[in-house]
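As a plain string of letters, each chain reads:
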Amino acid sequence: MTTEESTISPLQARLDARGVSRRTFLKFCVAIAVMAGLGKAAAPDVAQALEKSTSGKLLPVVWLELASCSGCTESTAQVTTPDIASVVLELISLNYSETLSAAAGVSLDKARTDTIAAGGYVAVIEGAVVRGWDGNGLRIGGMKGTDLVKETCEKADAVIAVGSCAVDGGWQAGYPNPADCCGVTEFLKAEGISVPIINIPTCPVNPDWLVAVLVDYIMLGKLPELDDKNMPSLIFGESIHDNCPRRGHFENGEFVYQFGSVEEEKGYCLYAVGCKGPQTYAKCPITRWNESISWCVEAGSPCIGCANADPTRTTRNWVDTMTPFLKRQRNMRIGDLYFQAAPVAATVTGIVAAALVCHGFGMKAAGRTKGGADFEPIRTYDAKKLKQAGKEAPTTPINEGNVEKFTKGGDE
Amino acid sequence: MAHLAHYRESHPLPFVITHWINLVGFILLIFTGFYIHYPFFPNFMSQARGVHIFFGFVIVINCIFRVVAAFFIKSAPAEGTRTVETDIHSWLPQKGNRHQLGAWIKYYLFIKKTHPLGAKFGVPQKISYGLIPFLILFMGYTGLCLWAPAQQVGFFSAGITLLGGLAGVRVWHYVFMWVFIIFIFIHVYLANIEGLSPTFMMFLWKEHPGLTYDPETGTITGYDDLGGSAPKTEAAPVAK
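If you read the sequences in order, they're chains A and B.
For what it's worth, this note's numbering labels the leading residue of the first sequence as 182, then goes sequentially.
For what it's worth, this note's numbering labels the leading residue of the second sequence as 130, then goes sequentially.
Everything labelled a hint here was simulated from the structure, so no lab data went into it.
Just so it is clear, the structure is predicted and the values come from calculations on it, not from any experiment.
For glycine and all other residues, C-beta sits at the position ideal for the given N, C-alpha and C.
One or more of the hints may lead you astray.
[What the hints assert, rightly or not] Simulated pairs of lysine-lysine, BS3-like, Cα-Cα distance not exceeding 27 Å:
| # | chain 1 | residue 1 | chain 2 | residue 2 |
| --- | --- | --- | --- | --- |
| 1 | B | 235 | A | 410 |
| 2 | A | 291 | A | 336 |
| 3 | A | 565 | B | 242 |
[To be verified] Some but not every residue of chain B turned toward chain A, in silico, with C-beta under 8 Å:
| # | residue |
| --- | --- |
| 4 | 132 |
| 5 | 166 |
| 6 | 168 |
| 7 | 173 |
| 8 | 174 |
| 9 | 229 |
| 10 | 244 |
| 11 | 245 |
| 12 | 294 |
Working from the sequences, and respecting the hints, build out all of it.
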């Protein structure tokens with residue numbers, strides 16, 4: 182069984198129709214080439230690959246939306262502002278998407294099963310896998326969400342987990358995680374399904390990163406270089422802090438301590454209001470969002486660390502590890518009790534200090550503060566041993582005043 | 130009241146220096162660490178980070194030197210004696226420490242009236258000193274995990290994953306700094322509560338008269354007034 186191949190008019194004609202100049206298109210190709218780790222010199226190759234893929238079969242994609250807010254779909258589609266990325270995204274054949282497909286019901290489901298049967302497709306997963314209630318927490322088209330993921334990912338050439346929820350459960354898996362959500366990696370591992378996975382966290386996913394990964398895949402026919410968390414190294418290899426436009430203010434020690442202050446107006450560093458940039462590895466400051474117009478920190482919000490993910494550990498989802506967003510340090514939790522380390526540690530230390538002061542008064546009262554108590558003439562243990570042997574142990578404590586009575590008379 | 134004579138042999142000059150480095154380093158590291166945790170006044174961040182990172186390396190190198198030197202430098206195995214042996218012996222449990230843990234705890238809880246005989250350090254003291262190098266190395270390791278240039282080196286990135294990501298490493302580094310602070314409080318308190326002579330010895334290398342002690346037999350052997358050059362402890366008339 183084969184699907185009908187989607188075809189498309191020549192790329193240049195489509196770009197012209199949208200008023201995109203060749204120059205703008207090539208600039209976009211440079212950005213994609215750099216993001217895909219190919220270097221600026223590869224821009225013509227990228228352009229060529231994009232043009233070439235306008236003829237013949239498009240890369241079939243099945244986009245599953247699981248437990249999510251549809252934010253990643255929104256971010257990627259950017260329906261109100263079609264940009265070059267969306268043009269290029271038409272280079273893929275989005276055969277199935279709950280949110281975007283025009284078809285509905287049985288015919289949509291058939292598009293999915295047909296694509297799977299034909300093979301050679303990429304599965305894009307948005308949202309967390311809901312394992313709770315035996316997988317019934319999320320049902321689509323009468324199917325358990327878990328079965329849907331299994332069926333779709335098993336035969337895929339590659340799986341792209343877009344957004345933090347799909348990567349490690351994201352905020353869907355935040356404590357206490359009643360729906361038992363997890364990321365695609367953890368789920369497929371538990372199911373014994375072995376398929377190449379690319380994780381692209383952040384909330385929502387940055388469309389340019391998804392495009393970069395897809396172009397890389399279309400062009401080279403292989404996955405981009407991934408780190409130990411299967412995240413593209415070139416996108417998640419540098420911290421937000423290191424590329425931050427406010428970094429200069431950080432080094433100068435110019436901080437926003439309160440929103441609405443003069444410091445905020447001056448665009449100072451947001452470190453003191455809980456920015457998680459130093460702990461977050463992503464190229465947000467370079468790529469930016471919304472047609473590269475801006476991104477969180479540039480728009481005045483501290484980074485909340487949404488690119489932090491650990492695909493194999495649901496409990497390390499970015500919400501649990503990064504909250505409270507406006508404090509410097511994450512909350513700690515024992516059971517249902519949340520607390521900050523600072524006041525607890527300071528209290529314990531304060532109690533120790535108070536105990537030492539009390540002990541000091543005790544030492545003073547015991548007359549030990551001027552040189553300590555008199556020495557035991559013999560260790561208690563040794564005295565016991567002597568007594569057991571029927572011998573007499575010395576009992577008079579030794580001090581400077583009487584020492585010569587008990588020794589050979591100052592033989593030092 | 131009674132205390133043992135403090136001789137330079139108990140704290141050879143290299144260890145007086147490493148102790149000085151520790152003191153200065155800890156104070157600067159704790160202060161700048163608090164600042165980096167939350168910049169409680171403006172315009173000091175790059176200085177704070179520079180000092181913190183520099184002294185972080187200093188403290189770790191100092192710690193490694195101190196541990197290695199313990200195998201080469203000789204020191205007195207107890208106060209009140211000028212005999213010396215390799216320093217590591219008095220860092221590890223000694224013969225003189227045997228059966229004395231209970232005695233020390235009872236002494237500090239005022240249950241035992243007389244000062245326990247010891248080796249160079251009492252038992253609780255020895256346990257805490259034994260753990261401090263590990264604590265310093267742990268702080269150095271987590272510190273480097275939080276230092277951008279080291280973060281992507283395998284040895285550190287593995288630790289970052291192990292300790293719960295960078296947010297987790299920050300908590301470990303922070304909480305163990307408080308463990309350090311608690312140690313310093315107890316250390317300073319116990320070192321000085323029975324008189325300041327240990328501090329004069331440790332920092333100024335100044336000897337102090339007192340009882341002499343034979344580490345071989347584990348007994349008090351007499352009194353050394355340091356040739357009469359230093360005054361005897363008050364209220365300590367020598368009774369013949």
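Verification of the hints:
Distance check on the hinted pair: residue 235(B) and residue 410(A) sit about 53 Å apart at the alpha-carbon level, beyond 27 Å; violated. With a C-alpha separation of about 16 Å, the suggested pairing of residue 291(A) with residue 336(A) holds against the 27 Å cut-off. The hinted pair formed by residue 565(A) and residue 242(B) meets the criterion: a straight-line CA distance of about 17 Å does not exceed 27 Å. A distance limit of 8 Å between C-beta atoms decides the matter here; for residue 132(B) the minimum to chain A is near 4 Å, and the interface restraint holds.
Below 8 Å, beta-carbon pairs count as interface contacts, and residue 166(B) has one with chain A at about 6 Å; its hint therefore holds. At its closest, the beta carbon of residue 168(B) sits 5 Å from a beta carbon of chain A; the interface hint therefore holds under the 8 Å criterion. Here the hint on residue 173(B) is kept, as its CB sits about 5 Å from the closest CB of chain A, short of 8 Å. Taking 8 Å as the C-beta contact cut-off toward chain A, the hint placing residue 174(B) at the interface holds, the least distance being around 4 Å.
Here the hint on residue 229(B) is kept, as its CB sits about 7 Å from the closest CB of chain A, short of 8 Å. Interface hint status for residue 244(B): upheld, as the beta-carbon distance to the closest one in chain A is roughly 4 Å, under 8 Å. With 8 Å as the threshold, the beta carbon of residue 245(B) comes within range of chain A, its nearest partner Cβ sitting at about 6 Å, so the hint holds. Given the 8 Å rule on beta carbons, the hint for residue 294(B) holds: about 6 Å separates it from the nearest Cβ of chain A.
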